[in-house]
Amino acid sequence: MRLLGHDMHSLSGAYALDALEGGAERDRFTRHLNRCQSCAGEIRGFREVATAMAFAAAARTRQLPPEVRTHARPRRTRAWVPWVPWLSGAIATASIVVAVLFGFAQAHTQQELNQVRAENQAIALVLSAPQVRLLTHSTSKGGVATVVLAADRHQLVVTTNGLPALPAGKVYQLWLIGKTKIVSAGLLPASTSGQTPPVLASGVVKGDTLGLTVEPAPGSAQPTTKPILALPLPL
Amino acid sequence: MNPSDSDAFRFKSATTDRRGERDLDDLLVHVARGDQEAFEAVYDRLVGPAYGVIRRVLRDPSQSEEVTQEVLLEVWRTAARFDPAMGGAATWVMTIAHRRAIDRVRSTTAAADREHKTAEFRTPHDEVAEAVEASLDRERVRRCLDGLTEVQRESITLAYYGGYSYRQVSDLLKVTLGAIKTRIRDGLIRMRDCLGVS
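Line order of the protein sequences matches chains C and X. Position one of the first sequence corresponds to residue 2 (our numbering), numbered consecutively onward. Position one of the second sequence corresponds to residue 11 (our numbering), numbered consecutively onward.
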């Protein structure tokens with residue numbers, strides 16, 4: 002290995018970082034791996050370095066876990082049906098249902114469908130929580146925000162209707178405004194027919210106020226403009 | 011604001027918290043048996059770094075979210091293949107995440123998309139606003155990267171975060187192929203020692 006394999010061995014770093022191009026070179030290195038006793042340990046160590054780099058790059062995503070149960074045992078795609086009748090009484094929450102259904106209509110791939118389904122399941126959990134408060138409030142720019150607050154889950158779902166369209170490069174951003182800090186609760190997705198699809202926010206605590214501001218895309222770490230909505234959350 | 015205060019985004023470090031790492035290994039063993047709660051716990055802990063590294067490579071947030079979901083589903087489906095003797099659970103998942111991001115970026119259409127994203131990616135706002143927690147990991151990694159030679163550091167970051175093959179890194183840095191592979195390996199050895207990886 003030292004002589005003949007040395008050149009091959011020096012590829013261990015590139016291999017561990019997935020920096021070998023596919024095909025012959027990768028195959029050759031994989032064959033080398035099978036013969037090289039020290040390689041496995043070395044690559045394991047390098048991958049731990051890579052893992053530390055991944056954790057150093059950690060970023061927030063509003064994604065929810067994929068619906069694994071659906072995956073293991075495929076169900077009917079109309080998994081949302083059971084809670085729709087429950088909601089139909091409340092006009093305001095019905096608008097959330099419409100938005101949720103729209104999400105299904107927009108999902109073109111299985112992947113997107115799974116994502117929508119996972120989001121909807123999480124939203125359904127909020128909507129079906131035992132103690133839910135329904136809040137609606139108009140914004141200072143016009144339009145109405147509808148909030149379903151599940152205090153025991155420390156979660157809420159927000160949808161809006163009739164907010165003015167923003168110029169390119171601007172987004173609506175939600176905030177949980179606490180006594181000592183302000184945390185982003187995500188961006189409002191683009192609206193369709195004036196309505197924005199529901200957004201789920203977690204980690205709501207007593208004393209929080211739900212804020213909505215206009216921010217430069219792709220959103221800000223802290224609000225940079227005056228809120229157009231500041232809705233105290235009864236928790 | 012410190013987003014790490016929020017439970018929703020909390021996760022354990024792969025390398026700083028040995029006990030957390032063992033927990034994660036154990037959770038993954040349960041995932042292999044079809045335990046959904048265990049999967050959700052794994053998801054909560056690893057979605058941030060998985061998405062973070064995938065987005066570094068792909069740059070496009072929505073495409074990155076899509077790949078992140080694919081990766082986590084792959085974890086759910088193939089957890090039985092996880093072997094704790096071969097490395098920790100976090101490393102297993104991050105290896106899958108990075109590899110899937112690379113697969114995506116090496117497909118031609120994604121590569122073209124990515125070029126358009128370069129300018130956006132370069133804006134510091136994006137990084138500052140959306141990089142989350144892991145300040146400890148970040149500091150340690152930064153300090154260790156700072157301890158490398160410039161070519162070592164650039165080779166490693168271009169390969170891992172940039173998703174470039176070592177041939178592309180060689181072109182970008184105008185350094186020979188032979189030198190690049192050695193720099194990557196030497197740099198990783200230094201990083202390994204600096205981070206205290208066994």
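Honestly, the hints are just simulated from the structure, not real lab data. Misleading hints may appear alongside valid ones.
[Said to hold, decoys possible] Taking lysine to aspartate or glutamate and the DMTMM-like style, the derived pairs with C-alpha atoms no more than 25 Å apart in a straight line are: (1) X:Lys184 to X:Asp156; (2) C:Lys171 to X:Asp196; (3) C:Lys182 to X:Asp196; (4) X:Lys184 to X:Asp196; (5) C:Lys182 to X:Glu149; (6) X:Lys184 to C:Asp8; (7) X:Lys184 to X:Glu164; (8) C:Lys227 to C:Asp153; (9) C:Lys207 to X:Asp54; (10) C:Lys180 to C:Asp153; (11) X:Lys184 to C:Glu22; (12) C:Lys171 to X:Glu76; (13) C:Lys171 to X:Asp70; (14) X:Lys184 to C:Glu26; (15) C:Lys182 to C:Asp153.
[What the hints assert, rightly or not] To give an idea of the chain C side of the interface with chain X (calculated C-beta under 8 Å), a few residues: (16) Leu18; (17) Ala20; (18) Leu21; (19) Arg27; (20) Asp28; (21) Thr31; (22) Phe47; (23) Arg48; (24) Ala57; (25) Ala58; (26) Ala59; (27) Ala60; (28) Thr62; (29) Gly187.
Glycine included, each C-beta is placed from N, C-alpha and C at the ideal position.
Verification of the hints:
A hinted pair counts as satisfied when its Cα atoms are at most 25 Å apart, and lysine 184 of chain X with aspartate 156 of chain X qualifies at roughly 21 Å. Restraint check: the Cα-Cα separation between lysine 171 of chain C and aspartate 196 of chain X comes to about 45 Å, which exceeds 25 Å; the hinted pair is violated. Our distance criterion of 25 Å between C-alpha atoms is broken by lysine 182 of chain C and aspartate 196 of chain X, whose separation comes to about 43 Å. The suggested pairing of lysine 184 of chain X with aspartate 196 of chain X holds, with an alpha-carbon distance near 18 Å, which does not exceed 25 Å.
For the given pair, lysine 182 of chain C sits about 23 Å from glutamate 149 of chain X by alpha-carbon distance, which is consistent with the 25 Å threshold. Taken as a hint, the lysine 184 of chain X and aspartate 8 of chain C pair is honoured in the structure, with Cα atoms around 20 Å apart against an allowance of 25 Å. The straight-line distance between the Cα atoms of lysine 184 of chain X and glutamate 164 of chain X is roughly 12 Å, inside the 25 Å bound, and the hint therefore holds. Among the hinted pairs, lysine 227 of chain C with aspartate 153 of chain C is inconsistent with the structure: their alpha-carbon atoms are about 30 Å apart, more than 25 Å.
In summary, the hint linking lysine 207 of chain C to aspartate 54 of chain X is supported, as the alpha carbons are separated by about 23 Å, within the 25 Å threshold. Between the alpha carbons of lysine 180 of chain C and aspartate 153 of chain C the distance comes to roughly 20 Å, so the proposed pair stays at or under 25 Å and holds. Between lysine 184 of chain X and glutamate 22 of chain C, the direct Cα distance comes to roughly 18 Å. Compliance with the 25 Å bound is thereby established for this hinted pair. Annotation: proposed proximity of lysine 171 of chain C to glutamate 76 of chain X holds, straight-line Cα distance about 24 Å (limit 25 Å).
The straight-line distance between the Cα atoms of lysine 171 of chain C and aspartate 70 of chain X is roughly 18 Å, inside the 25 Å bound, and the hint therefore holds. For the hint pairing lysine 184 of chain X with glutamate 26 of chain C, the CA-to-CA distance comes to about 21 Å; that is within 25 Å, so the pair holds. For the hint pairing lysine 182 of chain C with aspartate 153 of chain C, the CA-to-CA distance comes to about 21 Å; that is within 25 Å, so the pair holds. With its C-beta approaching chain X no nearer than about 4 Å, leucine 18 of chain C sits inside the 8 Å limit, and its interface hint holds.
The closest approach between the C-beta of alanine 20 of chain C and any C-beta of chain X is roughly 4 Å, which is under the 8 Å cut-off, so the hint is satisfied. Residue-level restraint check for leucine 21 of chain C holds (minimum Cβ-Cβ distance to chain X is 7 Å; threshold 8 Å). The interface hint given for arginine 27 of chain C is broken, as the beta carbon of that residue sits about 10 Å from the closest beta carbon of chain X, more than 8 Å. Checking aspartate 28 of chain C against chain X by beta carbon gives a least distance of about 15 Å; that is not within 8 Å, so the hint is violated.
The interface hint given for threonine 31 of chain C is broken, as the beta carbon of that residue sits about 14 Å from the closest beta carbon of chain X, more than 8 Å. Satisfaction of the interface hint for phenylalanine 47 of chain C is found here, the shortest Cβ-Cβ separation to chain X being roughly 5 Å, below the 8 Å cut-off. The criterion of a C-beta within 8 Å of any C-beta in chain X is met by arginine 48 of chain C, whose closest approach is roughly 5 Å, and the hint holds. Given hint, alanine 57 of chain C at the interface with chain X, holds; its Cβ is 4 Å from that chain's nearest Cβ, closer than 8 Å.
For alanine 58 of chain C, the shortest C-beta to C-beta distance to chain X is roughly 4 Å, which falls under 8 Å, so the interface hint holds. Taken as an interface hint, alanine 59 of chain C checks out: its beta carbon lies about 4 Å from the nearest beta carbon of chain X, inside 8 Å. Given hint, alanine 60 of chain C at the interface with chain X, holds; its Cβ is 4 Å from that chain's nearest Cβ, closer than 8 Å. Here the hint on threonine 62 of chain C is kept, as its CB sits about 4 Å from the closest CB of chain X, short of 8 Å.
Proximity of glycine 187 of chain C to chain X is violated relative to the hint, the smallest CB-CB distance being about 11 Å (cut-off 8 Å).
Taken one by one, the earlier hints fail for this structure at numbers 2, 3, 8, 19, 20, 21, 29, listed in ascending order.
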